[in-house]
Amino acid sequence: MHMDRTFQGSPTPGPNATTLARAVGLTVDMPVQLGASSVRIVDGVDFAIGVGERVALVGESGSGKSVTARALMRLDRAARVSGRVEFAGRDLLALSEREMTQVRGGDIAMVFQDPMSFLDPLMTIGDQVAETLRIRGVGKADARRRALAVLDELRVDRAAERLDAYPHEFSGGMRQRVVLAMALVGEPRLLIADEPTTALDVRVQDQVLDLLDDVSARRGLAVLFITHDLGVVAGFAERVMVMYSGRIVEDGSVDSVFARPRHPYTRGLIKAVPRIDQDLDRLYAIPGAPPPPFARPTGCAFHPRCDAAFAPCLRDVPAVLPVEGGRAACHLHASQGA
Amino acid sequence: MLLSVDGLCKTYASFPNPPVQVLHDVSFGLDAGQALGLVGESGSGKSTIAKCLMALTRPEQGSITYDGTDVVRARGADLLRFRRDVQMVFQDPYGSLNPRMTVEELVGEGLLVHRLEPTPAARRDRVAEILRTVGLNPDDRGRYPRSFSGGQRQRIAIARALAVQPRILVCDEPVAALDVSVQAQVINLLQDMQRQFGLAILFIAHDLAVVRHLCERIVVLHKGRVVEQGTRAEIFGSPREAYTRALLDAVPVPDPAVGRARRRQLQHQS
Numbered sequence: 001m002h003m004d005r006t007f008q009g010s011p012t013p014g015p016n017a018t019t020l021a022r023a024v025g026l027t028v029d030m031p032v033q034l035g036a037s038s039v040r041i042v043d044g045v046d047f048a049i050g051v052g053e054r055v056a057l058v059g060e061s062g063s064g065k066s067v068t069a070r071a072l073m074r075l076d077r078a079a080r081v082s083g084r085v086e087f088a089g090r091d092l093l094a095l096s097e098r099e100m101t102q103v104r105g106g107d108i109a110m111v112f113q114d115p116m117s118f119l120d121p122l123m124t125i126g127d128q129v130a131e132t133l134r135i136r137g138v139g140k141a142d143a144r145r146r147a148l149a150v151l152d153e154l155r156v157d158r159a160a161e162r163l164d165a166y167p168h169e170f171s172g173g174m175r176q177r178v179v180l181a182m183a184l185v186g187e188p189r190l191l192i193a194d195e196p197t198t199a200l201d202v203r204v205q206d207q208v209l210d211l212l213d214d215v216s217a218r219r220g221l222a223v224l225f226i227t228h229d230l231g232v233v234a235g236f237a238e239r240v241m242v243m244y245s246g247r248i249v250e251d252g253s254v255d256s257v258f259a260r261p262r263h264p265y266t267r268g269l270i271k272a273v274p275r276i277d278q279d280l281d282r283l284y285a286i287p288g289a290p291p292p293p294f295a296r297p298t299g300c301a302f303h304p305r306c307d308a309a310f311a312p313c314l315r316d317v318p319a320v321l322p323v324e325g326g327r328a329a330c331h332l333h334a335s336q337g338a
Numbered sequence: 001m002l003l004s005v006d007g008l009c010k011t012y013a014s015f016p017n018p019p020v021q022v023l024h025d026v027s028f029g030l031d032a033g034q035a036l037g038l039v040g041e042s043g044s045g046k047s048t049i050a051k052c053l054m055a056l057t058r059p060e061q062g063s064i065t066y067d068g069t070d071v072v073r074a075r076g077a078d079l080l081r082f083r084r085d086v087q088m089v090f091q092d093p094y095g096s097l098n099p100r101m102t103v104e105e106l107v108g109e110g111l112l113v114h115r116l117e118p119t120p121a122a123r124r125d126r127v128a129e130i131l132r133t134v135g136l137n138p139d140d141r142g143r144y145p146r147s148f149s150g151g152q153r154q155r156i157a158i159a160r161a162l163a164v165q166p167r168i169l170v171c172d173e174p175v176a177a178l179d180v181s182v183q184a185q186v187i188n189l190l191q192d193m194q195r196q197f198g199l200a201i202l203f204i205a206h207d208l209a210v211v212r213h214l215c216e217r218i219v220v221l222h223k224g225r226v227v228e229q230g231t232r233a234e235i236f237g238s239p240r241e242a243y244t245r246a247l248l249d250a251v252p253v254p255d256p257a258v259g260r261a262r263r264r265q266l267q268h269q270s
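So the protein lines, in turn, are chains A and B.
UniProt numbering numbers the first residue of the first sequence as 1 and each following residue consecutively.
UniProt numbering numbers the first residue of the second sequence as 1 and each following residue consecutively.
The following block holds chain B by itself, in its conformation from the complex:
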């Protein structure tokens, strides 16, 4: 197992109210090259898990083990290696790219930080190569994020993450802010990257249809607890928990007959 999360607990202060425990004993594992979906509604703790994973906040209990290293207590070289191997793509491609940096600077920054390509010429080549990989034109490397559409910006964010050759990509709602016609492009790109580079993906999303498409394993969260986890076939084919079934039932299906049947069913219940 490449990454294993065991017994994670996290509490946030909420003065003057009592502290709120947002994660209760959360455990799951991610294998190399696997796409794992972390699904839940708002308040389920999925983004807090991402923050703990990226070592942006500390859980009070539990451990996160990456390739034999305890990430929660890692320092120095171990932490630096972890920060290179695990990269993140955020939801908002408008807020997550520095507007004053060119595409080349954005994508090349990790190479500089981790001293991966020492010469400027080598860095340029590497940036051009990665831009081509994610479907962007290397001639655009001198442009700024503002001149790109949302979908292209998300490609830039993915290129930036992939430049340092990570083993895990943590994606927090990466397509939630994109137009429907562009969402599919980004999901296909993530799938290609997973297959091409053997990249493991931790895909955090509320959209179960997207998760079904991309992820082989799924962890369902509710109020900071793992309510169910299993393979795609288990979760979508025969969910064990009522909560999972309720989540699945509520996902709209783009088929009028199915949608109307759903509405009738609800009216029956109420």
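So that you can see chain A by itself, here it is in the shape it has in the complex:
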């Protein structure tokens, strides 16, 4: 069974980047509880991430952004993942579970939104950061030494003393640094950060972003930054991919996406963010709400909320076509041949 997929050529990373990871036709079906049927959360997504590239994956709740990221690492056991996921030339979906364990925390690492529920309250910070290495057979003293080096790199004050502290003794921002250290200690080439700053206060968020910026530049680390907030990634990402209802609707360099958003949804998202540097009498609001994945509208999933929708939008899923500075899935561009 092959869908009429009309992606033009294979997905590429941003300009000047060698491909590190690539997803082609990535589709994720999740079983519905107490039933044999399943829901398609991610519906045929193509993208690539370059070596050292910082890519933002932006979407609202139910857009499938987290599920897409988790599928790259095969984290959801119940999920049926199809398509291809390549990392440094290897097909991750074809690996055995044992091989995949080496990839997780090795080549690809992940940090999550809530550091407190991720950390073990009964284990010291040092042991938790070193654990990734210990699992890989690194000796105790060596693992501890490397854990300390990463905490220093992440500017944790008095890191040597605090190796033996417990998570509750740390502030929210410090805990997020510890979680980041756990991810970085295995020297990954790709870091997936799923809303890592959403639960933090603005000043702490700013510090964590700064830290990520720094580490990514110094290590040549690629980052896939998942967020619902376009503002957060504007200064951090080189490229932005926008997801809506399980599909990528726009992908382009951060400058072109913000300056000339091609998809009406992207345009709306940018306009709907209240700005600290502007006075507006009234905020722009996109009507309606994002659809749940089990009630995805026909054609372009955004059409019921789109003020530019016309006949084809109700009928056909728009192909992802190249536009200047990136690609977009919108019938407006297809009809203009842009």
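These are calculated hints, taken from the structure and not from any lab test.
Treat the hints loosely; a few may be bogus.
Derived Cβ-Cβ restraints for the label pairs, each shown as a range [to be verified]: (1) A160(A) with S238(B): 42 to 50 Å; (2) D142(A) with H24(B): 44 to 52 Å; (3) G29(B) with D277(A): 24 to 32 Å; (4) D140(B) with A334(A): 30 to 38 Å; (5) R132(B) with D277(A): 31 to 39 Å; (6) D164(A) with C9(B): 33 to 41 Å; (7) D277(A) with N137(B): 36 to 44 Å; (8) D192(B) with A160(A): 54 to 62 Å; (9) A160(A) with V20(B): 28 to 36 Å.
Part of the chain A face toward chain B, derived, beta carbon under 10 Å [stated by the list, open to error]: (10) D255; (11) G268; (12) R282; (13) P290.
Residues from chain B that keep clear of chain A, each with C-beta distances beyond 12 Å, as calculated [stated by the list, open to error]: (14) M1; (15) L2; (16) D31; (17) G62; (18) D78; (19) V113; (20) H114; (21) R132; (22) R240.
Ideal Cβ positions, reconstructed from N, Cα and C, are used throughout, including at glycine.
With chain A fixed as given, assemble chain B onto it according to the hints.
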């Protein structure tokens, strides 16, 4: 002044640790029809202020005066009137609506409690009217919260608060849990309600951009103290305190050039 808060102090027990004073001499005022923003980071005491205001907890010192009545010591009819005139909208529209009540029951409950519309027919009409006002379809009044999206649930919560015709709406992070595309709808609705009904809004939030948009006056809190208060133009145009400036600087701006300049500036400092 419709509501005035003077010298509020509140301490929480934290056994076995020593008690923690979460509010230190907090004072501010709210005029009728005004939107006031209460901003601060987690631990700044902003939600404790809301609890004191709603008479859900008692401050050990200080007073809260509403329309001439001391709310902290109010009893009986005075307290009941206050509880009608001051309504609250919470952050989590999933946790704040009873899942076993229909929209009609949720929105009509205040009318029943305060005996505002004695007959069932009058209550029905009033509920339908208020649902239309907040942009919901009155035909949906028999449905339960679970069948609504987060943004619609927040509209239900606002309808529930507005049904009893309050003079003050206390909103504790009302859009923090909503999707970006829906946030603007709820903020616009609050603004409409303020203008249409002359409603005063006490808007508690950590998102300064939202506060700038909605509020004419802003109170900045830090560790339980008011560090600065002033008009929108004062706080955003020429903040006096370093803390306020630091808060403002850290707010991300959806503009790549501005964001990159900010990152460079930080790298310079470190």
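To see whether the hints hold, each was checked on the structure:
no.: 1; hint: A160(A) with S238(B): 42 to 50 Å; verdict: holds, 44 Å
no.: 2; hint: D142(A) with H24(B): 44 to 52 Å; verdict: holds, 49 Å
no.: 3; hint: G29(B) with D277(A): 24 to 32 Å; verdict: holds, 28 Å
no.: 4; hint: D140(B) with A334(A): 30 to 38 Å; verdict: holds, 37 Å
no.: 5; hint: R132(B) with D277(A): 31 to 39 Å; verdict: holds, 36 Å
no.: 6; hint: D164(A) with C9(B): 33 to 41 Å; verdict: holds, 37 Å
no.: 7; hint: D277(A) with N137(B): 36 to 44 Å; verdict: holds, 37 Å
no.: 8; hint: D192(B) with A160(A): 54 to 62 Å; verdict: holds, 57 Å
no.: 9; hint: A160(A) with V20(B): 28 to 36 Å; verdict: holds, 30 Å
no.: 10; hint: D255; verdict: holds, 5 Å
no.: 11; hint: G268; verdict: holds, 6 Å
no.: 12; hint: R282; verdict: holds, 6 Å
no.: 13; hint: P290; verdict: holds, 6 Å
no.: 14; hint: M1; verdict: holds, 26 Å
no.: 15; hint: L2; verdict: holds, 24 Å
no.: 16; hint: D31; verdict: holds, 21 Å
no.: 17; hint: G62; verdict: holds, 26 Å
no.: 18; hint: D78; verdict: holds, 38 Å
no.: 19; hint: V113; verdict: holds, 30 Å
no.: 20; hint: H114; verdict: holds, 32 Å
no.: 21; hint: R132; verdict: holds, 17 Å
no.: 22; hint: R240; verdict: holds, 17 Å
Checked against the numbered hints given earlier, this structure breaks none of them.
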